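K.L.:
What follows is each chain in one-letter form.
Protein chains: 2
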Amino acid sequence: MTGNKYCVIMAGGIGTRFWPMSRQSRPKQFLDILGTGKSFIRHTFERFEKLIPAENFLVVTNRRYKELVLEHLPELRPEQILCEPAGRNTAPCIAYAAYTLLKRDPEAEMVVTPSDHLILNEEDFRAIIRECMDFAAANDALMTVGIKPTRPETGYGYIQVSDDSRISKVKCFTEKPDLELARTFLQCGEFFWNSGIFIWKVRTIVEAFERYLPEHHALFSGVMRAAGTDAERNIVEMAFAECRAISIDYGIMEKADNVYVRCGEFGWSDVGTWGSVYQHARKDRYANAAPAEGCYLYDTRSSIVSLPKGKIAAISGLKEYIVVDTEDVLMICPRAEEQNIKKFIDEVKYNDGEAHI
Amino acid sequence: MTGNKYCVIMAGGIGTRFWPMSRQSRPKQFLDILGTGKSFIRHTFERFEKLIPAENFLVVTNRRYKELVLEHLPELRPEQILCEPAGRNTAPCIAYAAYTLLKRDPEAEMVVTPSDHLILNEEDFRAIIRECMDFAAANDALMTVGIKPTRPETGYGYIQVSDDSRISKVKCFTEKPDLELARTFLQCGEFFWNSGIFIWKVRTIVEAFERYLPEHHALFSGVMRAAGTDAERNIVEMAFAECRAISIDYGIMEKADNVYVRCGEFGWSDVGTWGSVYQHARKDRYANAAPAEGCYLYDTRSSIVSLPKGKIAAISGLKEYIVVDTEDVLMICPRAEEQNIKKFIDEVKYNDGEAHI
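Which chain is which? The protein sequence lines are C and F, in order. For the first sequence, counting from 1, position 72 maps to 72 in my numbering; every step adds exactly one. For the second sequence, counting from 1, position 80 maps to 80 in my numbering; every step adds exactly one.
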């Protein structure tokens, strides 16, 4: 029954918000920022492995992370890693996976998922994914999963539902509203956070590419035809060089009329900021999220501390700080100022080059 | 003329106040805490080398630091390092050196100096030392050097002079007065900080040992007789095991009646605290004492930052902090709380053992 069900993990991100813990050479999806014992990509794999057999996974990532993916997911064969020569947002990433699957199994049904999100209630989550898979199998539907919002977040995309059904047609997508609009969305009850998880038959999404992103359809049809031949690498290179960088939301989901959403609550977070890490981390009685061993805190409260393995810290007198120590970089920053991390990176990169980025 | 002039550097200290920068394995005298390019012991050697030839130096240190001393002072031969099996305060340390010199050269004149102090005005300092050496050569005097106090310091010993002469007889020694007394001393004008630098003929100090510390005289006379024989190591071991731990100030200087002091000003500091390091370090326009390269400070003022070679730091929002990062330990502490470092060390030692101490 699961033979034609596939899971595509998008793992090409190179975020900078968790610098210096995340690096270009080891971005967030390969880290265990919350100290759970497993990386985000490993959690993602295990979450879906209960629904879809390991041999039916594809991971789309940047070429430089191929070995890292195989290290974190040793169940996968190298052929299951699709390497992007360059990041071009989600539409090319998904096209690459969809056309690859189309060649392998025209009846394929696929789930697409980010690799670096947190999901606390996995049972509920899987029940929802199952529902979506059933719906997408029975209908020519482009399915997405919505999250009931808990705050007027301005950094997310929102999905407006058209009715109260468990699975509702989508009325509208809105990217990153301003605070006022986000507050209205929260009160209104019709708006849900876009989880970036998609479920559809390969045929359905390929038809959508053909119609809404014909340029991508042409390029990745070419990739499909070249798959397994000597020309493959060059064709992929060319497709990514030529194709427009565009998100699947903007390129297809906002335009298509067969878009559906299943909304739910299952303890979701994109863990996109240190604030969100702090929120989800285990804290001591002074509200510090710090290593249980080797980290001595005095007169320190509501702070996050991350240390390299085996390193000792004695920290006194910090309130609401982020302290991230790594082999080659130490960062100390008030939690309220974490948006400045980007500025730190720019300055370090300008003066010291890429080595510490 | 300098053939019978000797310099004894006391380098056995194992301070903890600069942890985690200083370690049991590399205490302060081997560090360059102020970023001058040379360790304290190296500066001490070079300061006296202009007065006394390298072959006339002795360094008394703990056995475990012998190699470190030779590394910092490659001009010395291994025989010039006297190894203490255990620290027993300054009287046994000085006795070991004095009786060693007595055997080698009964006419020896010696200067004894700590290894980890800062002296800014070396010209003036050497002029004073020369004066003291001349005086000690001509008189049976136990000479010490006093420093004009600049604040009511409660951590130092004070020397009271008996008159205004350049070289005055000492009226009284007072160890670590309380704040009220220290304020009185500062106002009075008769009290000077005890620099821990001594100048005397070997004969004079040996006579003083014989009279005031006869037990030490007996033990270190034994060491002297055994010097150069197979029994030497055992006899030294026994002398240090049996002798009372006592300072030269308390054991001899406070009791003898031929004690003189030459007071002066030459930019002296024992650099005994981070506060004192901060005071003497080069600071940027926000009053931060931090590495000139690789240390990015934002909204940070009046702080000290020390990093391992090659490490990058991005630090935001700290006012008056000490940040010391080393390979295996990170310490962050408000400058006003540096007395707590001892507490940190105790707790780390209790939980993690000696490895990080």
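What the hints contain is simulated information worked out from the structure, not anything from laboratory work. One or more of the hints may lead you astray.
Pairs count within a copy or across copies, as identical chains cannot be separated in the list.
To be verified - Below 30 angstroms or equal to it, Euclidean Cα-Cα: the simulated DSSO-like pairs (lysine-lysine) are:
1. Lys38 to Lys255
2. Lys283 to Lys349
3. Lys169 to Lys342
4. Lys311 to Lys255
5. Lys38 to Lys319
6. Lys309 to Lys169
7. Lys349 to Lys309
8. Lys66 to Lys255
9. Lys103 to Lys343
10. Lys342 to Lys319
11. Lys171 to Lys103
12. Lys255 to Lys50
13. Lys38 to Lys283
Given the structure is predicted, the values throughout are model-derived calculations rather than measurements.
K.L.:
Next, verify each hint and record whether it holds.
P.N.:
A quick look at each hint next to the structure:
1. For the homomeric pair Lys38 and Lys255, neither the shortest alpha-carbon distance inside one copy (37 angstroms) nor that between copies (69 angstroms) is at most 30 angstroms.
2. Taking the shortest alpha-carbon separations for Lys283 and Lys349, only the inter-copy value of 24 angstroms comes in at or below 30 angstroms, while the best intra-copy value is 33 angstroms.
3. In the homo-oligomer, the alpha carbons of Lys169 and Lys342 never lie at most 30 angstroms apart, since the shortest distance is 38 angstroms inside one protomer and 65 angstroms across protomers.
4. For the homomeric pair Lys311 and Lys255, neither the shortest alpha-carbon distance inside one copy (52 angstroms) nor that between copies (49 angstroms) is at most 30 angstroms.
5. In this homomeric assembly, Lys38 and Lys319 come within 30 angstroms of each other (Cα to Cα) only inside a single copy, at 28 angstroms, whereas the closest approach across copies is 37 angstroms.
6. Taking the shortest Cα distances, Lys309 and Lys169 never come within 30 angstroms of each other, neither inside one copy (48 angstroms) nor across copies (59 angstroms).
7. With identical chains, the CA atoms of Lys349 and Lys309 are at most 30 angstroms apart both within one copy (25 angstroms) and between copies (18 angstroms).
8. For a Cα distance limit of 30 angstroms, the shortest separation of Lys66 from Lys255 qualifies neither inside one copy, at 33 angstroms, nor across copies, at 78 angstroms.
9. Taking identical chains as interchangeable, the C-alpha atoms of Lys103 and Lys343 are never at most 30 angstroms apart, the minima being 45 angstroms within one chain and 66 angstroms between chains.
10. In this assembly of identical chains, Lys342 and Lys319 lie within 30 angstroms of each other by CA distance both inside one copy and across copies; the values are 22 angstroms within and 22 angstroms between.
11. For the identical chains of this complex, Lys171 and Lys103 are neighbours neither inside a copy (32 angstroms) nor across copies (100 angstroms), given an alpha-carbon limit of 30 angstroms.
12. Taking identical chains as interchangeable, the C-alpha atoms of Lys255 and Lys50 are never at most 30 angstroms apart, the minima being 33 angstroms within one chain and 85 angstroms between chains.
13. Within a single copy, Lys38 and Lys283 get their C-alpha atoms as close as 18 angstroms, which meets the 30 angstroms cut-off; across copies the closest is 43 angstroms, which misses it.
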